[in-house]
Amino acid sequence: MAKFSRGKGRGTPKISTASLPDIIFILLFFFMVVTVMKDSELKVEVNYPYATELQKLEKKSLVSYIYIGVPAQRFRKKYGSAPRIQLNDSFKEVKDLKLFLEQEKSKLREAERGLMTASIRADKDVTMGIVTDVKTELRKIGQLKVNYSSKPRTDDL
Amino acid sequence: MARRESPEVNAGSMADIAFLLLIFFLVTTTIDVDKGITVKLPPWSDEPPPEMKLNERNVYSVLVNANDELLVRGQPMRPGDLRENTKNFIANPRKMPNMAETPKKAIISLKNDRGTSYEAYIRVYNELKAAYRELWDDAADAQYGRTYEELELEEKRTLRADIPLVISEAEPTSFGEEK
Numbered sequence: 004m005a006k007f008s009r010g011k012g013r014g015t016p017k018i019s020t021a022s023l024p025d026i027i028f029i030l031l032f033f034f035m036v037v038t039v040m041k042d043s044e045l046k047v048e049v050n051y052p053y054a055t056e057l058q059k060l061e062k063k064s065l066v067s068y069i070y071i072g073v074p075a076q077r078f079r080k081k082y083g084s085a086p087r088i089q090l091n092d093s094f095k096e097v098k099d100l101k102l103f104l105e106q107e108k109s110k111l112r113e114a115e116r117g118l119m120t121a122s123i124r125a126d127k128d129v130t131m132g133i134v135t136d137v138k139t140e141l142r143k144i145g146q147l148k149v150n151y152s153s154k155p156r157t158d159d160l
Numbered sequence: 004m005a006r007r008e009s010p011e012v013n014a015g016s017m018a019d020i021a022f023l024l025l026i027f028f029l030v031t032t033t034i035d036v037d038k039g040i041t042v043k044l045p046p047w048s049d050e051p052p053p054e055m056k057l058n059e060r061n062v063y064s065v066l067v068n069a070n071d072e073l074l075v076r077g078q079p080m081r082p083g084d085l086r087e088n089t090k091n092f093i094a095n096p097r098k099m100p101n102m103a104e105t106p107k108k109a110i111i112s113l114k115n116d117r118g119t120s121y122e123a124y125i126r127v128y129n130e131l132k133a134a135y136r137e138l139w140d141d142a143a144d145a146q147y148g149r150t151y152e153e154l155e156l157e158e159k160r161t162l163r164a165d166i167p168l169v170i171s172e173a174e175p176t177s178f179g180e181e182k
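Taken in sequence, the protein lines are chains E and F.
Each residue of the first sequence is one higher than the last, beginning at 4 in the numbering used here.
Each residue of the second sequence is one higher than the last, beginning at 4 in the numbering used here.
Simulated from the structure, these hints should not be mistaken for lab results.
Hints should not be assumed to be uniformly reliable.
Chain E is nowhere near these chain F residues, computed Cβ spacing over 12 Å in every case [unchecked claim]:
#, residue
1, LEU29
2, THR41
3, VAL67
4, ARG76
5, GLY77
6, ALA145
7, ARG160
Here are some, though not all, of the chain E residues that point toward chain F, as calculated from beta-carbon distances under 8 Å [to be verified]:
#, residue
8, PRO16
9, LEU23
10, ILE27
11, MET35
12, THR38
13, ALA54
14, SER109
15, ASP126
16, MET131
17, THR135
18, VAL137
19, LYS143
20, SER153
21, THR157
Note that CB positions come from ideal geometry on N, CA and C, so glycine has one too.
Turn these sequences into a full structure, and let the hints guide you.
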C-alpha cells in the first residue's frame, strides 16, 4: 500500500514577494495624488470654526491664504500673544495685504485674475476686530471674493 | 555557445525603494479639506452709504455682542433657533404684518462687535446662509421637484432672483475687549 509521505523533503514553500512592490506602488500613487505640499509653515495657531454651509475651494492656484491667529508658542516671546496676521511665511500687518495680493495675482494668468479667492483662515477664538480690519482692507483693495475656512459640523447647535 | 537563461532580477529591493517614497509622501501629505463659507464683500466706498428709507418690517436685524450673545430684532435668541426664525421671517408664510412683505424685499442686517469671537460670528453667518439655502431647497422642490444643488445654472438664477440673499453687514461696534 502506498503511503502518504508527509513533510518530507518539502519544507515550507517560499512566498513570492514579487507582488509586494505592486501593492506598495499602488499606495504610493495614491499618496502622490492626494498629497498637497505644505507651502508655508504655520506660525500662528489656527483652529477652524465649525459650519455647515461649506463650499469647496476648487482650484488651489486661485486661492490666497490669510492666516489669523495667536502666534505659536515658540514665537510668543518675540511677538506677544495678541492675534497676528500671517501671509506666506511671516507675520504681517493689515497694510501688507495689498502687496501680498498683488503678488499672488501676478502669478496668475490674465484671464484668471478676477477669479481669485482670498481664504481667511482665522482661529475660532480670535475676536472680530482683526478680522474686520482684514475685511475692510480687502474691500478697499477690491478683493471681494472671500472664503471663511471652516470645518464641517455634524451636531446641532 | 551555450545559451544561458537570463537571470531573474531580484525584485525584493524594489519594495524598499517604493517604501521609501511611500513614507516620504505619507509624511508630507496633508489631506487638507479646503472648505469654507464663501461670501462676496461689498465694494468699498469712501462716501457714507446713502440714507435709505426702509420699511421696518422688511429688516431683520441680527446683533452679536461682545459676549457672543444674540439679539434679534431687540429680542435675545438662541443660535439654534436663528435658522428657523430667519426662514420664517423671509418666507412669511402666515403673512404676518411685522415680517417681510416678500422674500425679495427682505434684508438681513448683521452687526457684530469688535470683541465678538470669530467662532460666534461664523456660527451666526452660517445659520443665516443656511436659512436661505433651505428656502432655496424648498422652492426648488416645489417648482422643479429637485434639490437646489441639482438645478441647472439658469434655474438657480431665476430661483435666486425670487429669493435673493441679502445679508448686509454694518460697521461693527467697539464696546467689547479685543484679544
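Any CB of chain F closer than 8 Å to the CB of THR157 (chain E)? This hint is violated: THR157 (chain E) lies away from chain F, its Cβ roughly 13 Å from the closest one there, beyond 8 Å.
Given LEU23 (chain E) as an interface hint, is its Cβ closer than 8 Å to any Cβ of chain F? 5 Å, holds
Would the hint on ASP126 (chain E) be counted as holding, given a Cβ-Cβ threshold of 8 Å to chain F? 7 Å, holds
Compute the least Cβ-Cβ separation between GLY77 (chain F) and chain E, then decide whether it is above 12 Å. 21 Å, holds
With a cut-off of 8 Å, does the beta carbon of THR38 (chain E) approach a beta carbon of chain F closely enough for the hint to hold? 4 Å, holds
Interface hint for MET131 (chain E), Cβ within 8 Å of any Cβ on chain F: 4 Å, holds
If I take the minimum Cβ distance from ARG76 (chain F) to any residue of chain E, is it greater than 12 Å? ARG76 (chain F) is indeed farther than 12 Å from all Cβ atoms of chain E, at 19 Å.
At a threshold of 8 Å, is the proposed contact between SER153 (chain E) and chain F supported by beta-carbon distances? 5 Å, holds
Grab the minimum beta-carbon distance between THR41 (chain F) and chain E and tell me whether it stays above 12 Å. Non-interface label on THR41 (chain F) violated, nearest chain E Cβ at 5 Å vs cutoff 12 Å.
Quick one, is the VAL137 (chain E) hint okay against chain F at 8 Å, beta carbons? 11 Å, violated
Would the stated hint for LYS143 (chain E) survive a check requiring a Cβ distance to chain F of less than 8 Å? 5 Å, holds
Chain E versus VAL67 (chain F) - minimum CB to CB distance exceeding 12 Å, so not interface: Violated, because the least Cβ-Cβ distance between VAL67 (chain F) and chain E comes to about 8 Å, which does not exceed 12 Å.
The structure fails hints 1, 2, 3, 8, 14, 18 and 21 (numbered hints given earlier, in ascending order).
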